Amino acid sequence: MKWLRALGNWLDARLKVRESIMPMMKHPIPRGAAGRMGWWYIFGSASLTLLIVQILTGIGLALVYVPSADNAYESLLALDYEIPLGWFLRALHYYAGSGMVVMVLLHMTQVFLFGAYKYPRELTWIVGVFLLLCTLGMFFSGQIMRWDPDAYWGLGVAAAMVGRVPVLGPSLVDLLLGGPIIGADALSRFFALHVFIIPALLLFLLAIHLWLVLKCGISAPPVAGQKVDPATYDAEYEKELKTGVPFLGEAAIKDALVSALAVIVVVVIAAVVGPKGPTDPPDPTLANVNPRPEWPFLWLFGLLSLSPAGAETFLMLVFPVLLIGALLLVPFIANRGERAPSRRPIAVLTVIVVVTLLGILTYQGATSPWSPRMQAWSGDPVPVRIVKNSTPMELQGALVFQFKSCRNCHALDGVGGKKGPDLTFVGTRLTRDQLIDQVSNGTPGGGDMPAYGKQISPAEMTVLAEFLTSLRPKGQPPARTAIAAPGKEQQK
Amino acid sequence: MSEDSSPSSAAEDVGQPTFSRRLLLWLAIAAGFLATLAVALPFVGYLFGPVRRNRIRWVNLGAISNFPKDQTRLETFDNPLGQSWDGVTAQNGVFVRYLGLDASNKDQFLIFAINCAHLGCPVTWFPQSGLFMCPCHGGVYYENGEHASGPPPRGLFHCVWRVQDGNLEIQAPHFPTLQNTLKDQG
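Line by line, the protein sequences give chains A and B. Basically the numbering used here = 1-based index in the first sequence + 8. Basically the numbering used here = 1-based index in the second sequence + 6.
One thing to keep in mind: the hints can contain errors.
[Stated by the list, open to error] Computed list of chain A residues with no C-beta within reach of chain B, every gap over 10 Å:
no., residue
1, Q234
2, P289
3, L312
4, V359
[As the list claims (entries may be wrong)] Just a few of them, taken from the derived set where beta-carbon distance is under 10 Å, the chain A residues facing chain B:
no., residue
5, L71
6, G164
7, V170
8, V175
9, P290
10, A317
11, S376
12, R381
13, W385
14, Q463
[Unchecked claim] Computed spacing ranges between beta-carbons, pair by pair:
no., chain 1, residue 1, chain 2, residue 2, range
15, A, L114, B, L33, 50 to 56 Å
16, B, L47, A, I332, 28 to 34 Å
17, B, L31, A, S350, 57 to 63 Å
By construction, these hints were calculated from the structure, which means they are not laboratory data. Here the structure is a predicted model, which means the values were calculated and not measured. In this text, a Cβ means the ideal position worked out from N, Cα and C, and glycines have one as well.
Starting from the given sequences, assemble the full structure and let the hints guide the process.
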């Protein structure tokens, strides 16, 4: 022990690390931020800790992973099944990355609610917004590394979106994919993005972010009535620091504890759940793929799917820019005044609305009821309950119903596609004529249902209508048109 | 040479910028500018390398007698537009439908890219209902490639094809997007 200390002293006499780092670690922070309210201040350091896990596991994976389109998939399988603990590193890289996104979002929400982005910390917030974008960029490019159909078609969707940019679209697609098709060039590009370009940017921005935290100081917990005024804030903050406590103390202990817990949680999840994919090889001719974006982008998938067709290109290309612009403008819209959430109802309401919206859209994106179930026509039989007492005509109609892939979009007893309405009791809603009209012409104006007029023979249509009108609860009569008999006054 | 400059003369230089010192400064700035351009221009040119057009490669899909009339089939081939290390991603597919002979006794084909016109996802052909369906957002197309329902703003992308010595050939398709369809690249 004595020798160790002597060695440390000998080194530090030359490196002089202590005199430059210790003042940083011991810089005073407001007393409130170290107390019980300090538990709100832990999300940033937890994000940083998970980033360190990401760097470590990322380097580990790079020792084996082959960023080449013809071998990437095999190298992932080797990591999963052959290389000792390769599966664990892959799993940890995925779940620590997910945890980092969660922590960054929580950090941002906390800073927003506490008004900590106000004077003089506007730049810290702006750099933070770009750090969020880097984190999401890492997530998207990371998904491409998992060279499976989700990666392949994720690139396809990205290219199709970029391709809609006026005039420049086609050139931007070439730049994104690095070539005319999705393949080796695209993977190499995204590998460079994931391993060199975005990490370099992220670490550079992180250095500025931390520098700003040191230079502008950690904000005190907000107190209702204590307004931020750029003219007087600096003097007030300096006064507050007179009674401050060093960061290396209660605050740092909280950070360390939560960071350790965060790491333990992602390690346990990784060990229990295991690595994500790869699913199938990235063969573009594989039928029955069902491409899905990673969870941080499910809300966008949901938003694009639920929006009217006319608004789509706007939502793809302009809306994200507006969203980022709005985030960047936050500290300029309100860089003074109250910081306490209790005095900022609009800020609190904004958080509630945004979280609710993102939550609903993410749920919609995860369940994606707008996607047809491509195997339902052959995979989900017509429930026996429905056809138990059917006439031969109705049975034939049930066959047509399955065969014409109606089931891919329409559920029976809740099983099947959810794109169109559940048809379990359609016989009580539409008459025979209305059903034939709907099937023949589809949704008017190219809506959700294709017109089957040319795809179905008269005989098939007859039995199909027979089957559909029979879809009613026991004892309930079929639907009738609501036309009053001529010459009679309409009741009510 | 370092031996020539004595400490006293160095101090004098700092005090009053001479003509030669100013010249040196401008020379350094100009050289730095030139050096930056010399690296930056080729680098940017390299980055924009993938933006290129009109690469035509014909792909042989086999004898036309292999294609039964009025049946849609998924034909797979190795796309020559890619790299030799594309692996399984080089394997692309197109839907081929032989329409028989037209009025002037020429073979007619309908050939579609596999990609949905909405966001590029792979459509599946359902021969029983005569429809193409997309698994992503439920875009549906008729057997002639026309838009039937759902979000796609247009029909399926048509590939350029020709019949050469009794074989069906297509222009190797790039990844088609709304503003860069598979129209003749020639």
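Problem set entry | Hint numbers not upheld by this structure, sorted from lowest to highest | Per hint list: 2, 3 and 5 violated.
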